[in-house]
Amino acid sequence: MKIECSDLGKTYDGKAWAVRDVAIEIPSGSVFGLIGPNGAGKSTALRMVGTVMDPTAGSIRYDGQPRPSRSDPATGELRRRIGFLGDGNPLYKSMTPAEYLRFFGECFGMSNAELDAAIERTLVTFDLLPKADTQAGALSKGMRQRLLIARCLLHEPSLLILDEPADGLDPRGRSDLRKIIKQVSAAGVTVIISSHILRELDDLCDRVAILQKGRVVVAGDVSEILDGYDITRHTYQLRLLGGAEGTAKVFARHRALVEASNPTQGGVTLDIRLQTSGSASGSGEAMMADLLTDLCANGIRVVTVSQTSSRLEDVYDRLCDDHVN
Amino acid sequence: MTSPSTSQRWFTTLARGCRPFVSRLFRGARLRRLAATSAIVALLTVLVGAWLALGSGPMPQRSRVALTLEQAEHSRQRANHTVYSHTADEHRALVTSRKRLLAGEDEYYGRHRMRPLVEFGHARVHAAVHRASSCTEPLRGRLLAAAARVPQVDHDRRPTPAFTCSEASVAAIERLVDAQFAPQVQRYTSTLGPAGFAKFTGIIAAALLSGLMLLVAPLWGGTLIAQEVHDKTLQPLTGTALSARQLAVGMLAAPIVAVGVVAAPLVVLLLVTAAAAGSLIPALGALCLLAVGSLLAGLGAQIVGLSLGEKRTPGVVGIALLAVLGGALALGIGAASKCTEGTIGMVALLPHFGIGRLFTESFVPQHVLTLSEANRLDLSLVLAMAGFAFAAGLGVRVVTRWIGRTPTGLLTRAEALLGAATVSGLSMLALWEGPSRLAELTVLSTALIAVPLLALLMARVPGGETPPPLRVIPVVPLLRDLGLVAAAHVMLCLAVAQRGSVDDILGLATIHVIWGVMVAGLAAIRVAAAPCSLGARLLLAVALVAATIEVVGGFAMTHDNAGAGMALLPLARASAALGLLQLVGLFVVPTWLLHNLLGQGITLRRDD
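As they're listed, the protein sequences go chains Y and E. Letter by letter, the first sequence follows residues 1 to 325 of the numbering used here. Letter by letter, the second sequence follows residues 1 to 608 of the numbering used here.
Each hint should be verified, as a subset may be incorrect.
Calculated lysine-lysine pairs in the DSSO-like style (CA-CA distance at most 27 Å, straight line) [said to hold, decoys possible]: (1) Y:15 <-> Y:213; (2) E:311 <-> E:232; (3) Y:141 <-> Y:93; (4) Y:141 <-> E:99; (5) E:311 <-> Y:131; (6) Y:213 <-> Y:2; (7) Y:93 <-> E:311; (8) Y:2 <-> Y:182; (9) Y:179 <-> Y:93; (10) E:311 <-> Y:141; (11) Y:141 <-> Y:182; (12) Y:93 <-> Y:131; (13) Y:2 <-> Y:179; (14) Y:131 <-> Y:141; (15) Y:93 <-> E:232.
Label pairs and their computed distance ranges (CB to CB) [said to hold, decoys possible]: (16) Y:137 <-> E:451: 30 to 40 Å; (17) Y:59 <-> E:413: 45 to 55 Å; (18) E:451 <-> Y:88: 31 to 41 Å.
These aren't lab readings, by the way, just hints derived from the structure by calculation. Quick caveat, the model's predicted, so the values are computed rather than measured. Each residue gets a CB set at the ideal place from its N, CA and C atoms; glycine is no exception.
Okay, chain E solo, but in the shape it has when bound:
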């Protein structure tokens, strides 16, 4: 008998961790209910897909037009010289109106529905005659003969409709003249066939899958762990045979598996429809990114649940998560609707952007990318996915150590520094086509990475089972590392920026920026080190505002190279009150933060 391989052991360990939590979510009739929900959702997806693709009602029509799968009605009417009716009554009225039009009578329908098309028909003939010289014989002769049968062709009129000479276009002009410009009347029907139905089904499946995996599963997981923390039921679990890692993975996986039951038929529908649309590769890529994004969002939700669960009810945590996760999803969908070559970098900001982009590419490609743009998009997606996967790995470690109440901090120094490097790299990827000036690039990228960097700093603050008053916080090493990361990030900006030099951000402005970063870091350490009273929270908010003013003010100075950088308190130029606020931010707040940390009974350490 051979011993199990490392991967087998890993999977066995993982399965052992997931089993209790998955079973718990499936207990009683819950699995049957989920399976029934899954079947209903799949059926509705197909039905709604068919309705939107083939339906002749206003909503399906608007959806098709919005997704550029169908021409707008007025364009279609002009192209086909046909008036479309939407109801039987309307159809009868239009047919009557057409007869009256041919009889030379004028009435409401004729004036408002027929006449514009008649005029457009005349314009088409005029444009054709105007460009008749581009036609070869005998098309030119046929065109002019047709035009001769039209009583009034205004040769001075500006030819608005485009005309390209071809057998088909000349024949269309001939039909137009033969019909005396009277438009055809037809009942409106969708122009889409089975391929369009497949696309719509795929779009709906993709939207539902994204909602389930990026909103429902993480929300469920975060609320679940918040409930465990709030009800203090997590502690007994740490005394079972499951390790902290198994608990973390189990609680992460269980909601994903439960939601996966609902999502499974959608995945099948998505792949089938993508294959039918000839876009299987982007769809597979989107599914991979969706898996990574779901893990990342789930871990983020778990961290929120762990941090807020003790003080806040699971309901409040759920509402907060719903706002954040829902906002991110809406951003992703919004970005997907603006799928241009200029927004390629956004895929590095959040998995949602890449997922939306790939699903759009699969079913409704809006812009054809050049080869170099497509290559850049592919590279960005691969790098972003690797970055998100690494961040998810760090997230598992954080949640594991949080559950295990590790006293030495949630991340080691090396892990936090690698995390910072990943975040910095992803920000550069996002801004690759962004600002070319060093100072602007640095400001924007710093704004992007500020929150993740402070979160990584907080994760290094010792805590766990050590009571807050007994914690020993290595403040100086933590701030030193924050400074090092900030400096490395500026160097990266310098390497990426097309213009500017490091001199742009040196001088007195640098002091403001560094001071602001340190104040923000100190505030983050204070938050992680010990519980905060209401007053402390207010002052921390003031500290963060002051830090932001310092950083933004510092960068603003770099933008103004005409000596503004020499001012110690540049805000004082605007008003005395603002100057005072900056003074408070510069000196009072950091002093208070240090005093408050010491006031908690926390020992500050100068070395690791």
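Pulled out of the complex, with its shape left as it was, chain Y reads as follows:
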């Protein structure tokens, strides 16, 4: 489902705008990340796209069709094409996953035959089959989150909206979540996901929008954003065999600052930040390649190099003041 928001705005009192002039386009089948600090207006924007809240201004089009108001009966039809997971993760603790899915399937008007097939398919897809008859209150947090996302996908929507889905999940749960989203996206479902933790969205989103105080400060294709914005800060982690002796002069030549140094077994791990000049030749990756060559030339034994800060995070750091509305 293709989503087009133009001049989207929401105000509660006619004065302060929670969301204002949001104009974004989300191609069908893409994964779209909505990034912003707490209180930036992400949840409000997602609720409006999810038809749970009416906008004060602007319009939203779904596959070219305008969004009906909440009181319009057509909203029910539209919602059958949307899976919406809001913030907070409420579940009926006394229901089993199968019962929970059946309940929501019925709320989406699915027939019993459709439901039986969909529940079985969803329980298998989300690896919930072994827990199908366990009460939701007894499930782990990760399993509960899976169940919540499963509920949103049960009726096979063409748009999945996830508001802070990774909140409170452990690393394994987050990894599972990424896999699920990739799986859903591969099936052609448009995914909109919000988060204030950018690493959750690394390598996941095709397009992003960064919200600040209710306004979109940047939106578009991830690669286009990175190309279009001057990234002047890159952080890498180096693991060296032996000590860090002799590295200081090399780092100084390449404008690299050591942010942290941790001794490891038989060596040391260094977190370094590169100060890029902004020119194409001075981009972070080229500088890092030069630095590595120099380190090796000086007899320093480099074991591993990894980028510790995502490029998206760098854009965000640069663009956002990170102020809470």
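Guided by the hints, dock chain E onto chain Y, whose structure is given.
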């Protein structure tokens, strides 16, 4: 292929809304358990009905006597000149005692069980002789002949038992004399037959149905929605294909359907027994009113669940609902036991009163109404049912908008005004035969409608998804409408009252009343506009007390036309402390309310 009609679409929409919630309540083995409960309840109803109607134990006997389906034992003993035994031992003792009595011996049983009846027999003969002149021959001759065989007839004794001359009554006197006044001894048995059994079964079915539909179903629904709000599970439902109206109706209907499974055999029993008792029409009317009452109570419970669920646990909400719903049910049953022509108006107060009344009329009619009274009762019931149905319609809108988090308020101005008119009309219906003085009628009816009117006012306060500090409250238009409704209500009282004029409530007293109503209105707006701290709640309670003092004090002034109405602070006459309290109520509290509203960051608007 023809397109579905509006009613078909409406039913389809309704069924779609109910399906998930009904399925949820029936999931697993719950439906089987409910069906089993239903069968057990129906069976117990029949068994208990049979036991109460036909049983010879003390409890069935007391029940029959209490419901006037059987004479009290002492009356029955006198009427039949028979002593009833309740156990085999007692029976043997009484038979022996009768023999001794005939032999002229005196002993315990004879003295305490037989002798009073012997004396009553003598009194009956005496009364018969006293009224022998009313008999025609040959009954008169037979009566006097029988009396002549009695050795001592005290002609100066006052004839207490009534005697109506007839073949049967004369024959009874003859049997009495032939038996030498010795009472018969019989084992006690119920006087009721199959018709009585049907009545008792119907009464029990009616009581259980009322309890299920007016207490259990609303309690279940209110607690369910409180749980949804408390656990924040309601929000995800608003993102599904169900509209807010479907959610409201679904959550209302599901407990009613679940309870209906248990109640269904009871409905059948009720109708069969009512038909057997020849009272099918009142029973059908009671069922209609029961349906409306159940919806109204369910919606009220839902509103309580929605309003308290966020802050209070479902258990606390359930206890509060149990107290309110149980109290209303007890009131309804209590009123049904006092089914007189003077209590006809009560059917307009609560559906419970009408339901109790109609069920009583169906099975144990206690007072025969005149044609005009019966017509008034029928009209009152129809009007009350229409009023309750309208209130239920408003309730659905309130719950729908609450669930949909509509920011413009739970009721529109027109809906609230129509609701106020309905409430005012129902209060007049309730007090139709009540006080005739204008001031008294106005006081009583205002007391009846005060809470519903303030609730309607609160329902117009904008809220929903708008955070409290960002709400814009049209205080002046809301208070103006409250004043208009109050004025219209007084005009209605003036039209209904048999005595008095509008002058009765004009003057300084009017200022007190209007001020009190406005303070109460302001307090209601404050409660609806934003959450209240503990301190704010205490001060609001003070405001409501002050408003009540103002209103009651104002009306009291109208009652005293001898110049008391000229006092600005009439309570100060009683004591300085009371005067100070009234002063606080008059000026300090409203000022604080306005200040507190502004302190919440709420914008007050002068126009709509």
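To see whether the hints hold, each was checked on the structure:
Using a Cα cut-off of 27 Å, the hinted pair residue 15 (chain Y) and residue 213 (chain Y) holds, with the two alpha carbons roughly 14 Å apart. A threshold of 27 Å between alpha carbons decides the hint, and for residue 311 (chain E) with residue 232 (chain E) the separation of about 11 Å falls inside it, so the pair holds. Taken as a hint, the residue 141 (chain Y) and residue 93 (chain Y) pair is honoured in the structure, with Cα atoms around 12 Å apart against an allowance of 27 Å. The suggested pairing of residue 141 (chain Y) with residue 99 (chain E) is violated, with an alpha-carbon distance near 87 Å, which exceeds 27 Å.
The hinted pair formed by residue 311 (chain E) and residue 131 (chain Y) fails the criterion: a straight-line CA distance of about 32 Å is larger than 27 Å. Between residue 213 (chain Y) and residue 2 (chain Y) the CA atoms are separated by roughly 25 Å; this keeps the pair inside 27 Å, and the hint holds. About 19 Å separates the Cα atoms of residue 93 (chain Y) and residue 311 (chain E), which keeps this hinted pair within 27 Å; it holds. Distance hint between residue 2 (chain Y) and residue 182 (chain Y) is fulfilled; the C-alpha atoms sit about 18 Å from each other, no more than 27 Å.
A distance of roughly 26 Å separates the Cα atoms of residue 179 (chain Y) and residue 93 (chain Y); the hinted pair therefore holds under the 27 Å criterion. Proximity of residue 311 (chain E) to residue 141 (chain Y) is assessed by CA-CA distance (about 25 Å); at most 27 Å being required, the pair is judged to hold. The hinted pair formed by residue 141 (chain Y) and residue 182 (chain Y) meets the criterion: a straight-line CA distance of about 21 Å does not exceed 27 Å. In summary, the hint linking residue 93 (chain Y) to residue 131 (chain Y) is supported, as the alpha carbons are separated by about 13 Å, within the 27 Å threshold.
In summary, the hint linking residue 2 (chain Y) to residue 179 (chain Y) is supported, as the alpha carbons are separated by about 22 Å, within the 27 Å threshold. Using a Cα cut-off of 27 Å, the hinted pair residue 131 (chain Y) and residue 141 (chain Y) holds, with the two alpha carbons roughly 13 Å apart. Note on residue 93 (chain Y) and residue 232 (chain E): the hinted pairing holds, with a Cα-Cα distance of about 12 Å set against a maximum of 27 Å. Look at residue 137 (chain Y) against residue 451 (chain E): about 39 Å separates their beta carbons, and that is inside 30 to 40 Å.
Our hint of 45 to 55 Å for residue 59 (chain Y) and residue 413 (chain E) is violated, since their Cβ atoms are close to 29 Å apart. In this structure the supplied range 31 to 41 Å holds for residue 451 (chain E) paired with residue 88 (chain Y), their Cβ-Cβ distance being about 35 Å.
Of the numbered hints stated above, those contradicted by the structure are hints 4, 5, 17, listed in ascending order.
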